[in-house]
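Novice: Work out the full structure, taking the sequences as your base and the hints as a guide.
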Amino acid sequence: MNLPSTFSGCSAGGEDWYELFSRGARDWLRHNEKLRRAVREKLPEVLGNAEMSGTDPGRTVRVPVRFLEHYRFRLREADEAVGAGQGDVRPGDRLAQPGAARPGQDKGEGGDGEGGLQLVLELKVDDIVDWLWEELELPNLQPRNGVTLDEDYQREGWSRRGVRSRLDRRRSMKESLKRRAVDPAGPAFTDEDLRFRQLVTRRQPATQAVVFFAMDVSSSMRDRDRQLAKTFFFWVVQGLRRQYSRLELVFVAHTVKAWEFPEAEFFQVRGSGGTVASSAFSLVSEIIAERYDPACYNLYFFYGSDGENFKDDHEAASAGLAAITALASFSGYVETPASEDRGLDTETAGLFREQADAGRPVDSYALTSSESVWAAIRAFFRQQATAGAG
Amino acid sequence: MAAAIETYGRQIEELARAQGLDYFPVQFEEVPDSFMMEVAVYGLPVRMPHWSFGVRYIYQLIQHRMGHSRLFEVVFPGNPGRAYLARGNSLAENTLVVAHVLGHADFSRHNELFRRSQQEVGYRIVDQAADHARQIAAAIEEHGAARVEQVLDAALALEAHIDVFRGLRREAYPEFVAGQVASDDTFRQRFHQLPGDERPVAAAEPRRRAPLPPHPEKDLLWFIARYAPELEGWERDIFLAVREESFYFYPVFACQIMNEGWASYWHARLLREADFIPQHEYLDAIKAHSDVVRPHAADRQASLAINPYHLGFCMWESIMDNLGPRKAFEIRAQDDDFSFVRNYLSAELAEELKLFRYTATADGTVEVAERDINALRDAILAPKYNFGAPAVAVRGVDTDGTLHLVHDHASDGRGLDADRAARVLGYLQRVWRRPVRLETVDGRGEACVIDAPAA
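The listed protein sequences derive, respectively, from chains A and B.
Going left to right, the first sequence walks through residues 1 to 390 as the working numbering numbers them.
Going left to right, the second sequence walks through residues 391 to 845 as the working numbering numbers them.
Some clues are possibly wrong.
[To be verified] Taking beta-carbon pairs under 8 Å as the criterion, some of the chain B residues facing chain A (in silico):
no., residue
1, Tyr432
2, Gln518
3, Lys744
[As the list claims (entries may be wrong)] Output of the computed footprint for chain A on chain B, the stretches with three or more beta carbons under 8 Å from beta carbons of chain A:
no., stretch
4, 724 to 735
5, 747 to 761
6, 793 to 806
Since the hints were made in silico from the structure, they are not lab data.
Backbone N, C-alpha and C define an ideal beta-carbon position, used for all residues, glycine too.
Specialist: Laid out in structure tokens, this is it:
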């Protein structure tokens with residue numbers, strides 16, 4: 001005898017219970033986790049290609065990625081695939097198929113052929129810098145003990161007077177307990193029990209820094225060169241942010257003359273004419289003198305150029321650069337050479353080499369591709385880490 | 391609503407039994423739409439976790455949101471069978487689904503392929519899969535998600551690589567070559583009985599180890615589970631769990647056209663006869679029916695895919711009309727999609743349904759080919775051969791433990807996608823724990839060897 005079938009509904013609230021345990025969502029999150037790890041492994045590409053604008057902290061970069069594919073054995077694409085279809089056609093008809101739907105391809109696993117969905121991962125810049133740190137196996141950066149000191153408030157000791165907001169409840173309670181241990185009949189709290197935290201001003205190592213980005217915007221600098229320099233600057237700033245609680249940025253562009261620009265315009269600036277690097281160096285020195293007392297700020301100076309400079313400017317540039325490197329915690333030269341083999345073999349590179357030879361904290365980087373940006377960033381962070389640790 | 395569907399369901403059941411449908415009882419359950427969607431993604435209500443399901447889930451979710459896909463029913467054969475009704479469906483739709491499910495239940499009880507699979511795998515696949523999921527959850531607890539995932543990456547990538555003809559339960563290969571090759575040869579035995587020819591005394595020759603495997607082995611899941619040099623017990627269990635589920639999925643895959651057609655035929659027929667359903671609800675249900683069996687090309691001039699529901703439905707209608715119900719019940723018991731399409735998709739029916747064969751070249755040109763019913767049948771069936779996967783088999787294991795796979799490119803017509811194959815070998819190498827390599831042919835048809843990428 002056949003038993004009858006049974007019918008049941010799920011109990012009220014079952015749906016809510018179910019949502020909590022959605023396996024699809026769980027496995028989707030797992031996929032995303034893996035995807036992030038995969039992105040992390042290709043960090044150099046991400047750094048080279050990610051869309052970045054602005055340099056505010058707490059921001060994200062958007063990285064377009066493909067879904068991960070769980071691979072299976074699959075036949076290679078046939079030169080001529082055969083399939084079966086349905087419709088009002090006659091032999092010999094040509095069917096328009098935008099996107100070339102090919103048989104056997106429509107049920108792919110993730111990967112391609114799934115309707116061209118694309119995922120954009122938002123990565124926190126901070127996370128990327130963390131990964132960089134792990135990837136480079138760098139020690140944690142120590143706060144830089146600058147020459148200088150900030151004034152800052154610090155907690156120190158307790159007082160019997162104070163404002164409510166600084167009331168230390170635990171401490172007050174202790175006082176009350178002590179008093180009642182001696183005099184059990186006393187009231188629970190008296191004004192005498194209250195303790196307030198005291199603040200004092202203390203001088204501390206400076207945690208502020210200013211970063212100067214100077215760039216040659218003469219006609220010889222191409223768009224690609226600017227993009228490379230920009231990417232490098234961006235990550236330099238992200239790295240420095242970890243060391244300093246306050247970071248100010250100053251952008252200086254120059255041809256034969258130098259101007260200060262706001263960040264938004266800086267990378268768009270186009271100049272024409274020749275290259276006189278000393279103009280930028282002296283403008284930076286002026287700005288330092290005017291606004292950034294080296295006693296209160298850690299100074300960083302970066303200069304981007306294709307390496308050309310007027311021969312006549314050699315003396316002036318050399319002196320101007322020396323004035324900056326004497327003050328700066330670090331000076332970096334970013335060269336975007338016209339051809340790869342000529343990297344760091346130029347007039348301007350020579351200027352910086354002089355400074356390095358003189359024992360100043362100076363380094364030079366040649367940027368020719370997004371991979372070399374990665375190498376330069378790595379070198380910069382390494383340099384910073386060893387300087388910070390030492 | 392559960393009460394209303396129960397009333398209709400009971401009456402539909404009476405009709406179905408009167409028509410000769412014979413099935414194990416089905417447990418119907420009303421569930422939220424999101425549950426239906428997950429079942430469609432995982433293939434089973436509770437299944438092992440794996441990130442690749444997450445990708446499918448998100449595609450399904452997007453399709454669903456865009457209104458491209460509506461999930462109607464999911465049913466699991468067994469005794470009792472299990473079926474889920476989407477709570478979002480109307481009463482009329484779910485009445486149709488009940489009828490449809492009864493068609494499936496009848497099919498899976500009688501179709502030879504399903505019967506054999508259920509005898510092997512068991513009649514409670516839903517619970518068994520849930521047990522597997524629990525077992526894997528326990529493994530994650532003990533060995534960590536990363537290690538379990540490595541094993542699942544490998545096992546699920548080989549999901550389709552089983553050998554249904556050799557069956558689920560298999561003995562290990564004989565360890566030694568049979569002593570006397572001739573001993574069981576009847577001709578020789580009788581020859582030796584002839585007078586004058588004394589049988590030589592069996593020399594105490596040392597037993598020879600049998601080659602591993604003795605023949606190209608298609609059941610990669612089984613071979614790895616059984617012979618991987620350093621597979622741990624829990625890893626083997628995962629391989630065997632995936633393999634068991636594959637054996638369950640095989641008949642569903644190999645009878646899709648027949649099975650969906652049969653269920654669609656019966657839901658249409660039972661509904662026509664269900665005079666207890668009010669007129670307006672009947673119309674709703676019939677509309678749902680026509681959505682299900684609608685050819686993909688309904689709103690276009692032509693589609694490059696065939697809706698298996700439509701094809702199966704039309705074929706069963708023609709079989710019922712031309713050969714009668716007795717023969718139809720016989721076919722549903724004995725055939726699978728291969729024999730079904732070869733034997734019963736006639737040239738006339740193909741023409742009536744406007745089926746065509748086409749060729750698509752890599753540059754995107756699609757051209758309709760000459761009418762040829764045999765070639766058309768082949769084009770329909772081609773993606774179904776070998777569980778839809780390339781024919782890869784184990785050829786041997788070297789003394790250093792290297793696993794040699796070989797791809798039968800001659801039967802598949804071309805070589806493997808080299809990049810994907812290398813990635814799969816990468817998965818395998820992590821569980822085989824020795825080198826893994828694969829022979830196939832490249833784009834020019836020249837033999838080539840693919841190695842797992844360096845870890």
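Novice: Would you mind marking each hint as holding or not holding in the structure?
Specialist: Evaluated hints:
Interface hint status for B/Tyr432: upheld, as the beta-carbon distance to the closest one in chain A is roughly 7 Å, under 8 Å. Residue-level restraint check for B/Gln518 is violated (minimum Cβ-Cβ distance to chain A is 17 Å; threshold 8 Å). Annotation: interface hint on B/Lys744 holds; nearest CB of chain A at approximately 6 Å, less than 8 Å. Counting residues of the stretch 724 to 735 of chain B whose beta-carbon sits less than 8 Å from any beta-carbon of chain A gives 0, not enough to reach three: the coverage restraint is violated.
Counting residues of the stretch 747 to 761 of chain B whose CB falls under 8 Å from any CB of chain A gives 15; the rule of at least 3 is met. Proximity of the stretch 793 to 806 of chain B to chain A, defined as three or more residues with a beta carbon under 8 Å from a beta carbon of that chain, is established by the 6 residues found.
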